[in-house]
Amino acid sequence: MSPGRILLTLAMASLVHGGANAQKGPVELQWRTADTVRRRLVVTPLRVRVNWTGQPRHLLDVSSVGAEDTARAALPAGFTGWLPQREFFSAPVNDSGVITIETKRAADASSFSSSIVIPYTAKRTGALFDLLRATTTQPDFDPTALRLATFTAEQRDGYSGSVQLHVVPNGTGASALRDARLRLRALGGVTILSDQSLVGLPSLADTAPAGNVSFAIPIGAKGIIEADVTLPNVTVGSQYRASRLYFLAGLRRLYIGTLGFAALEIEQLQEQRAARELNGVQYDRRLHEILGRGTQQTIIREPNR
Amino acid sequence: MNRLSLLGAALAITALPCATPAQTAAIRGRISWQSVNGVSHPVRNVRVEVIDTLTRAVVSVRPDTTDENGEYQILVNVGPNPRAVLVRAPAVSSSAFVHPLLCTEPWELSLKGFTLNPGESVRVDLDGKGETESNEAFSIIDAIHAIQPYVRTLRGAALPRVEVVFPAEQTVFDPATRVLRLELYDPWDWDVILHEFGHYLSRVENLANHPGGEYLLTENLSRTMSRGDALLMAWGEGWPTYFSISAQLAEGLAALDIPNVGDSWFKDMQDTRDTFDLASGDGIPSVGEDNVVSTSRVLFDLEDGVADYDSVALGAKAVFDTLVSVRAHTLREGIRRFLLHASQEDSIRFGAILARNHISPAIAAMADESPIDATRQERLPEFPQLAATNTPLPQPSGPGCERRPGSQSRRSSMSSILTPPAPDRIPAPP
Numbered sequence: 036m037s038p039g040r041i042l043l044t045l046a047m048a049s050l051v052h053g054g055a056n057a058q059k060g061p062v063e064l065q066w067r068t069a070d071t072v073r074r075r076l077v078v079t080p081l082r083v084r085v086n087w088t089g090q091p092r093h094l095l096d097v098s099s100v101g102a103e104d105t106a107r108a109a110l111p112a113g114f115t116g117w118l119p120q121r122e123f124f125s126a127p128v129n130d131s132g133v134i135t136i137e138t139k140r141a142a143d144a145s146s147f148s149s150s151i152v153i154p155y156t157a158k159r160t161g162a163l164f165d166l167l168r169a170t171t172t173q174p175d176f177d178p179t180a181l182r183l184a185t186f187t188a189e190q191r192d193g194y195s196g197s198v199q200l201h202v203v204p205n206g207t208g209a210s211a212l213r214d215a216r217l218r219l220r221a222l223g224g225v226t227i228l229s230d231q232s233l234v235g236l237p238s239l240a241d242t243a244p245a246g247n248v249s250f251a252i253p254i255g256a257k258g259i260i261e262a263d264v265t266l267p268n269v270t271v272g273s274q275y276r277a278s279r280l281y282f283l284a285g286l287r288r289l290y291i292g293t294l295g296f297a298a299l300e301i302e303q304l305q306e307q308r309a310a311r312e313l314n315g316v317q318y319d320r321r322l323h324e325i326l327g328r329g330t331q332q333t334i335i336r337e338p339n340r
Numbered sequence: 010m011n012r013l014s015l016l017g018a019a020l021a022i023t024a025l026p027c028a029t030p031a032q033t034a035a036i037r038g039r040i041s042w043q044s045v046n047g048v049s050h051p052v053r054n055v056r057v058e059v060i061d062t063l064t065r066a067v068v069s070v071r072p073d074t075t076d077e078n079g080e081y082q083i084l085v086n087v088g089p090n091p092r093a094v095l096v097r098a099p100a101v102s103s104s105a106f107v108h109p110l111l112c113t114e115p116w117e118l119s120l121k122g123f124t125l126n127p128g129e130s131v132r133v134d135l136d137g138k139g140e141t142e143s144n145e146a147f148s149i150i151d152a153i154h155a156i157q158p159y160v161r162t163l164r165g166a167a168l169p170r171v172e173v174v175f176p177a178e179q180t181v182f183d184p185a186t187r188v189l190r191l192e193l194y195d196p197w198d199w200d201v202i203l204h205e206f207g208h209y210l211s212r213v214e215n216l217a218n219h220p221g222g223e224y225l226l227t228e229n230l231s232r233t234m235s236r237g238d239a240l241l242m243a244w245g246e247g248w249p250t251y252f253s254i255s256a257q258l259a260e261g262l263a264a265l266d267i268p269n270v271g272d273s274w275f276k277d278m279q280d281t282r283d284t285f286d287l288a289s290g291d292g293i294p295s296v297g298e299d300n301v302v303s304t305s306r307v308l309f310d311l312e313d314g315v316a317d318y319d320s321v322a323l324g325a326k327a328v329f330d331t332l333v334s335v336r337a338h339t340l341r342e343g344i345r346r347f348l349l350h351a352s353q354e355d356s357i358r359f360g361a362i363l364a365r366n367h368i369s370p371a372i373a374a375m376a377d378e379s380p381i382d383a384t385r386q387e388r389l390p391e392f393p394q395l396a397a398t399n400t401p402l403p404q405p406s407g408p409g410c411e412r413r414p415g416s417q418s419r420r421s422s423m424s425s426i427l428t429p430p431a432p433d434r435i436p437a438p439p
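In the order they appear, the protein sequences are chains A and B. Each residue of the first sequence is one higher than the one before, starting from 36 at the first, in the numbering used here. Each residue of the second sequence is one higher than the one before, starting from 10 at the first, in the numbering used here.
Warning: the hint list may mix true and false statements.
Stated by the list, open to error - PhoX-like cross-link-like pairs, simulated, lysine-lysine; straight-line CA separation at most 25 Å:
1. K276/B / K138/B
2. K158/A / K257/A
3. K121/B / K138/B
4. K257/A / K121/B
5. K257/A / K138/B
Don't read these hints as lab results, they were simulated from the structure.
Next up, chain B with everything else stripped away, as it sits in the complex (with noise of 0.2 Å):
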């Protein structure tokens, strides 16, 4: 060895604090997914190893997890020769776990190896793109990542990380199991994706009795089963439906410009097209208590801060402690807790929203064939407890009934709810 290559050894070695080490290397990068309108998301929680592409074994010293802008670091152990190694992300978080119908190994984004020098430092990036079941489990693991913080407002912790189906042949929450399937219809479909956790949610705090089986949207269930198991269906499939709205808006997924993500309406887009829109009432209508679109936008009208006609903005963690509070099968068991303390105000307005979607009545006529006041109808639905004790109505200017702005197109839409009598009313308070 000469004198120059001595010298240079020595400053290679006065360097080495700030190198990797000698047996070591370096990987670091940034893994991202990208949604149906080709816009790329940060693959978050995901945990990410290097793999020697000969042997199939990890190589990583220690196997990094992305972080919130799906950037890892690792060190890999390389030895004193170069080695051919690929980088893989599977789709394995703390959250989820996405693994296809035939085998328990995940969805993962890799491509191919590459060698790995000792010492050097290599930037990785793995990007999803399209329609491939790779990139689709991705949209999953992150959809169910992205609500976390909603759940932990809601219970003080995260769920245990569910286990997905990706693609099935049925979109359904097996609650024997507590496995979530997915059809290969629905990875974009975040309000489905939600929807289906909500169950696993449900199934842990026992907010549900679930009958099983399938249901439209459309109908009241009564018709195809016994009212017992209508409501509990209605319940049952209504609480997961609001939960995934409430989530996604409470956690502000708008702003992550994934279509159809982060907004009131839920949409199945891929395979069935059903929309409604739970603050609105647009899209499919509320049928009565026996049905899930009723009991999604009752329990989104009791939450909501949004100034609308009801005046109730109870928020979503008093919500659901108050149904957990109760063990909540049935939205007439959840209603009863919330009329249990509730001012005669307050009860007025509940009753607002169940006449809203054609859970109770709401006026049809004054006794005196005066014109109906709509202001009023809206604001005083004909209560059967309220009628029944002769409790005098609040005066339509008293708070918190102040005509809200924008309410008036909603309220043509009401003069046309005239509810007969339903067979099942909600119980009086006791």
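Next comes chain A alone, as it looks inside the complex (with noise of 0.2 Å):
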């Protein structure tokens, strides 16, 4: 498929069938569209590190980029030195926004308290962070305690583009959503390049909000933006809703969906079959693989009886 822009519907819309019946929560988080296109990347390996001065001391998590793995090491309250994991932060040559990191009072995850904004510059040598010209909601930190050490960047092809977030309320009232609280986290290779229109939240007061998220994700990688919201004023019942997006980067196309990394990896595969990339052995094993990831394996050989 030749580069260029690429506009991918989202089967992600409610599916009800006739007479099919679901639980839904006090929102629905919908993912409808995505606008990608295919471009040159410099991703920048990066690592973060905090040193707390007298100021309270919070939990860090850099949302806006993915780290080396989807599963993010869990830091222990008021941790200090470098964070544990290598993030890899990716944009197209060129381009210019923020980044963000959030901190958090407790170990709940829907207790995020502050936004610290970082602006990015992405050169062709790799990612400038203007940590001087940061930014955070909460008066009493300060973003100077804050270290950004990048390595050796390099320039790969990938993919960029946006996809719409929607908040759809079930129900539930304008007061509930008012001091609603969205989360947007980027997990694994992909990087979230903004997601000004949706972090603010002055948009969760509308019965629907929607807003894009952009994104950036090289040639080979996974990656998942993960949303949530919590609703402090929601008394009865659930508070919370989560939902992932989660990216393929092919080097036919860019994969998107919800249903995980094996759904993409097993849609890649039908593709490649039916492009003849793949014969029959091939695809069966191939898909025997995804349909078995994460098994462990112990073999003895048992002397004859």
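Bring the two chains, given one by one in their own frames, into a single complex with the hints.
Here is the structure:
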């Protein structure tokens, strides 16, 4: 498939068959469409250091940038030093924007209390982060407690674009949405380049707020953008709803969906088979590798009795 | 061949009756899956097969099915030369078949091939790990397998194997195709899985006339749909929730050491984090007959043998048989049947259950303005048909009405449940 703009329609609207029934939450998170372009990216490995100096010791979460592993290590509250995970920041060459780091006071994932917004510029040689112009919504937090160390960057082909995220209330009044908190987080090889239309949250008071989330991902990488909404004003029942969008950057195209990486890999495999890039046995072998992934096997040869 | 070799061959032939025949090899082992708390569990009642890694053909002489400990034993046709094989346990049992959305091949536990020599015996253990779909599929399989004895107790036979699509866009049971769909977030939530399986059972037993669509646990469904549809929906969703919890308690699944499994709480922990207790009434409150939570709690209270406020413990089988006998599609249809042959005392006890769940009124004030005796209020809810016929109420000290230990706190909360007269009351029994 030639490089160019691709408009993907994500089949993520409610799938309710005739007579089928499903429980719903106070809000639904729906990813609608993705507008994606294949382009040259600069991929910059980086690590984050935090040095608390007399201010409340919070936990940090590097929300915008995907970590090496999609499962991040948990940190103790007040952790000082280099965060253990190595992050990967991907952006189109010459792009500029902001990345977000969030802090939280407690171990509860829903308690994120502040965002630190750091401007970046993606040069050909790597990303530059302007900590001096970093801003925070938390008065008692000094962004200069942060340090970002970048490592040798490389240019790779990849995809950048945006997805629409809709927050659809289900019989939840506007008052319940007013203090709602939406959190976006990148995991794995995907980078959130801009989520300004959703973070800050004035739009959540709308009946069906939506926003664009810009992203970049290099070919060969997998990643997740995770969104969750907490509704502190909902007094009865669930105050929480989460949704994940999975990315698999293939050579032919970018695969996006909510059903997990395996579903994207099967989709990619079926396209390869249809394009006769795989024969039947190869397809079968690769399919079963996906279907059985994660299995541990122990083999012991036993003496004949 | 020298004499020593001949002697060796003779000894080998002598030993053959206990050894594997020359053209075959034996593979045995254990298959396990891992719950979210890291505990391993046997994969039960799942077929295991051996595949030739080159041709992908099944080479098991006879595939085996794992036993209750996850153990299997297979004889493999190897031929005269060593053969590269792999052991595979597809997510297929007599109860369920779990596959991804885009293909009908089931998830499986398998890894890589190894060389199997003729006459050899090999032990191969396969262990599912962590949050991978292959491991999660076996959580789903085991959840459904674990409650099959309960299903057999209720209806005399297990249900035919159910097809499960995992992960799917939405957690839902499709009654038209009888396919159960589960979101990526739900494989650890046995309460949710068995709720959806409950839809399957209610479909088979004609225990629901579900109008379809989505619902909130917290709402009176009449606010968003017609009264008739709301009652059908509350029942259509409330019964499977009751079934899920009842089945887990009956089978003692708490012993499996899987988080949130085998207790009286309904929990959806992964995506919505909804929780409510069918036994105590904690969590999401009951708000009326057109509410899913109320319906499930009423059924639980009718069944449970817990020494609780209502003194009603009909048992799961009696509750099920009664509901099936009238093809109940709403709570009122079921309750009407229970009341049909109930003693006056039992009718009052049923009334207490309904009052507690905001379905029938509770006593708000005494006619003579004397203080409300919380004990009386709980035991003797205002039950319209009894009041209408001026039937004398049993004495508080009568059999079955003793105060139960630990009921004080519940009474305290009961005293705040002062329901206004409901527009649609349960009709009087014929």
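Inset, instruction - Take the C-alpha atoms of K121/B and K138/B, compute the straight-line distance between them, and say whether it is at most 25 Å. - result: holds (16 Å)
Legend entry - Distance restraint between K257/A and K121/B, which requires alpha-carbon spacing of 25 Å or less: holds (24 Å)
Legend entry - Pair hint outcome, K276/B versus K138/B [Cα-Cα no greater than 25 Å]: At roughly 23 Å apart (the allowed maximum being 25 Å), K138/B and K276/B satisfy the hint.
Inset, instruction - Verify the proposed pairing of K158/A with K257/A, using a straight-line Cα cut of 25 Å. - result: It holds: about 23 Å lies between the C-alpha atoms, which stays within 25 Å.
Inset, instruction - Mind checking the alpha carbons of K257/A and K138/B for me, to see if they're no more than 25 Å apart? - result: Distance ~20 Å between K257/A and K138/B Cα, so the pair holds.
In this structure, none of the earlier numbered hints is contradicted; all agree with it.
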